[in-house]
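Undergrad: Here are the chains, one letter per residue:
2 protein chains.
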Amino acid sequence: MARRPYHREPEAVRQHDLIEATLECIAEFGLAGTTVREVALKAGITPGLIRRYFHTKERLVEAAYAKLSADMTATINEAVGEGAAALRLARFIRANLTAPLVDSKTLSLWAAFISAVNTDAAMAAIHRDGYRGFRKNVETLIYDLTVERGLTPISSLIHSQSIAVNALIDGLWIEFSISPEEFNSIDVVAFAQECGARLLGLDPNQLKD
Amino acid sequence: MARRPYHREPEAVRQHDLIEATLECIAEFGLAGTTVREVALKAGITPGLIRRYFHTKERLVEAAYAKLSADMTATINEAVGEGAAALRLARFIRANLTAPLVDSKTLSLWAAFISAVNTDAAMAAIHRDGYRGFRKNVETLIYDLTVERGLTPISSLIHSQSIAVNALIDGLWIEFSISPEEFNSIDVVAFAQECGARLLGLDPNQLKD
DNA sequence: GTGACAATTATTCAAGCGTATAATTCAAAA
DNA sequence: TTTTGAATTATACGCTTGAATAATTGTCAC
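Chains as they are written, first to last, in this note's numbering: chain A, 1 to 209; chain B, 1001 to 1209.
Take these hints with a grain of salt, some might be off.
Which chain B residues face chain A? A few, computed with CB under 8 Å, are given here [said to hold, decoys possible]:
hint, residue
1, 1112
2, 1119
3, 1167
4, 1171
For lysine to aspartate or glutamate, the following EDC-like pairs were computed, each having C-alpha atoms within a straight-line distance of at most 16 Å [what the hints assert, rightly or not]:
hint, chain 1, residue 1, chain 2, residue 2
5, B, 1067, B, 1009
6, A, 136, B, 1148
7, A, 105, B, 1120
8, A, 57, A, 120
9, A, 208, A, 82
10, B, 1136, A, 182
11, A, 42, A, 20
12, B, 1067, B, 1139
13, B, 1105, A, 38
14, B, 1042, B, 1017
15, A, 105, A, 187
16, A, 57, A, 38
Far from chain B by the CB rule (all over 10 Å, computed), these chain A residues [claimed, not checked]:
hint, residue
17, 32
18, 63
19, 149
20, 198
Note that these hints are calculated values from the structure, not bench results. Fair warning: this is a prediction, and the values are worked out from it, not measured in the lab. Glycine included, each C-beta is placed from N, C-alpha and C at the ideal position.
Using the sequences provided together with the hints, build the complete structure.
TA: Structure, rendered in structure tokens:
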């Protein structure tokens, strides 16, 4: 019985690999089907080693959620970039409705974590942080856009507008990710940009990139 | 060691109780924490009996998903009722954004099932059926509303409008269910009705009930 | 009544789980 | 070179799991 070759890696690499393997597992088998053995297999290590880097399986899953949340936010922020507010908002919408965010595995992951938010307090905290930042981004974009249009920004209006735009994008993201075949006759990005413009009282084509 | 009292129930009652218990379990502990023993406990029967009514645990979970899907649709259809299309659409929006649909447990359930759609083909089929019916309802409402306004219904436009309205409502439903405290300064129903009107090119107050 | 039979409870089983610990390996300090 | 100690692998443990089966109960045809 051949012994598995002994291979050392820096702590950061191990943590990264483990989190990545965990995300793959959850996407593939769901939270219920994610076991430390399977994660270890995907990460190319031995199950026992997991506990050197994450005290329990629970912690590992929490770290994975935090990673997913951070990755999604980072992807979008990169795509938004700099420039006029209308352009940034248009890019924001595009980034939300194209790969890598639109992906059935990403949706599976997101849903699995969301379902755990009510069960687990730690997961709830991670969710709250991620979500706050996410919506604050939208709010800033809409604020900037308001100023850019020469209007007086009213915080309650900005707040509700950001909720509406955010809901629209979230809803489209979910539906598109879950059954893209229902959307094949539509340019989802352009469509979402038009809808966003409508919600903000803009011309339908003022939100293109 | 006292033996549990022997109690017979009709097949329909047993199936109903088991499904209900399953939904409670999933909402409370997640899919990962839902075991046949826990379900049996909640249903007030012995674990072994489950297999007389559902061949496997998988089937039980599938039945539970189908039930949730049917219940949600039924709740909304009841609330919509009869009358002018604008009124029905307004009621549709209200039903989607009030109890019993808006509920953290319902959201947990929904998310748990959605996360399984990619993993399990049977769950995917159940989802497809439920979702098709759901969006067809919106499409019909918007079609009727178009006719009511004396406009010529263009199927591609109706299709995309129903996608937008549906996405908006879904997004608001999720966000409101998951963190209602972020919405306490807003009348979500009235707000959603206004947004829906905007998306459809109506006056902001043409969609009230 | 009573015997057969389906519904229910109780028990059992093998497999897989998260975790703990023991045994090994390797690199770097001494 | 030798020793030490952390990183890794391997093994073991106790428990829970879904499922199968055995034992019991009550109903109903006859």
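Undergrad: Indicate, hint by hint, whether the structure satisfies it.
TA: Outcome of the hint check:
Checking residue 1112 of chain B against chain A by beta carbon gives a least distance of about 4 Å; that is within 8 Å, so the hint holds. Given hint, residue 1119 of chain B at the interface with chain A, holds; its Cβ is 5 Å from that chain's nearest Cβ, closer than 8 Å. Given the 8 Å rule on beta carbons, the hint for residue 1167 of chain B holds: about 3 Å separates it from the nearest Cβ of chain A. The interface hint given for residue 1171 of chain B holds, since its Cβ lies 3 Å from the closest Cβ of chain A, which is under the 8 Å cut-off.
Note on residue 1067 of chain B and residue 1009 of chain B: the hinted pairing is violated, with a Cα-Cα distance of about 20 Å set against a maximum of 16 Å. A distance of roughly 39 Å separates the Cα atoms of residue 136 of chain A and residue 1148 of chain B; the hinted pair therefore is violated under the 16 Å criterion. As the CA atoms of residue 105 of chain A and residue 1120 of chain B are separated by approximately 13 Å, the hinted pair is consistent with the 16 Å bound. This hinted pair checks out: residue 57 of chain A and residue 120 of chain A have alpha carbons roughly 13 Å apart, not beyond 16 Å.
Proximity of residue 208 of chain A to residue 82 of chain A is assessed by CA-CA distance (about 15 Å); at most 16 Å being required, the pair is judged to hold. With a C-alpha separation of about 12 Å, the suggested pair residue 1136 of chain B and residue 182 of chain A falls inside the 16 Å cut-off, and the hint holds. With a C-alpha separation of about 9 Å, the suggested pairing of residue 42 of chain A with residue 20 of chain A holds against the 16 Å cut-off. Our distance criterion of 16 Å between C-alpha atoms is broken by residue 1067 of chain B and residue 1139 of chain B, whose separation comes to about 23 Å.
Proximity of residue 1105 of chain B to residue 38 of chain A is assessed by CA-CA distance (about 29 Å); at most 16 Å being required, the pair is judged violated. Simply put, residue 1042 of chain B and residue 1017 of chain B have alpha-carbon atoms about 9 Å apart, close enough for the 16 Å limit, and the pair holds. Pair hint residue 105 of chain A plus residue 187 of chain A does not hold up; C-alpha atoms about 21 Å apart against a cutoff of 16 Å. A distance of roughly 12 Å separates the Cα atoms of residue 57 of chain A and residue 38 of chain A; the hinted pair therefore holds under the 16 Å criterion.
Residue-level check failed: residue 32 of chain A sits 4 Å from the nearest beta carbon of chain B, not beyond 10 Å. The Cβ of residue 63 of chain A lies farther than 10 Å from every Cβ of chain B, with a closest approach of about 17 Å, so its non-interface assignment holds. Interface exclusion of residue 149 of chain A from chain B stands, the closest Cβ pair being 17 Å apart, more than 10 Å. Residue 198 of chain A, annotated as away from the interface, has a beta carbon of chain B within 10 Å; the closest lies near 5 Å.
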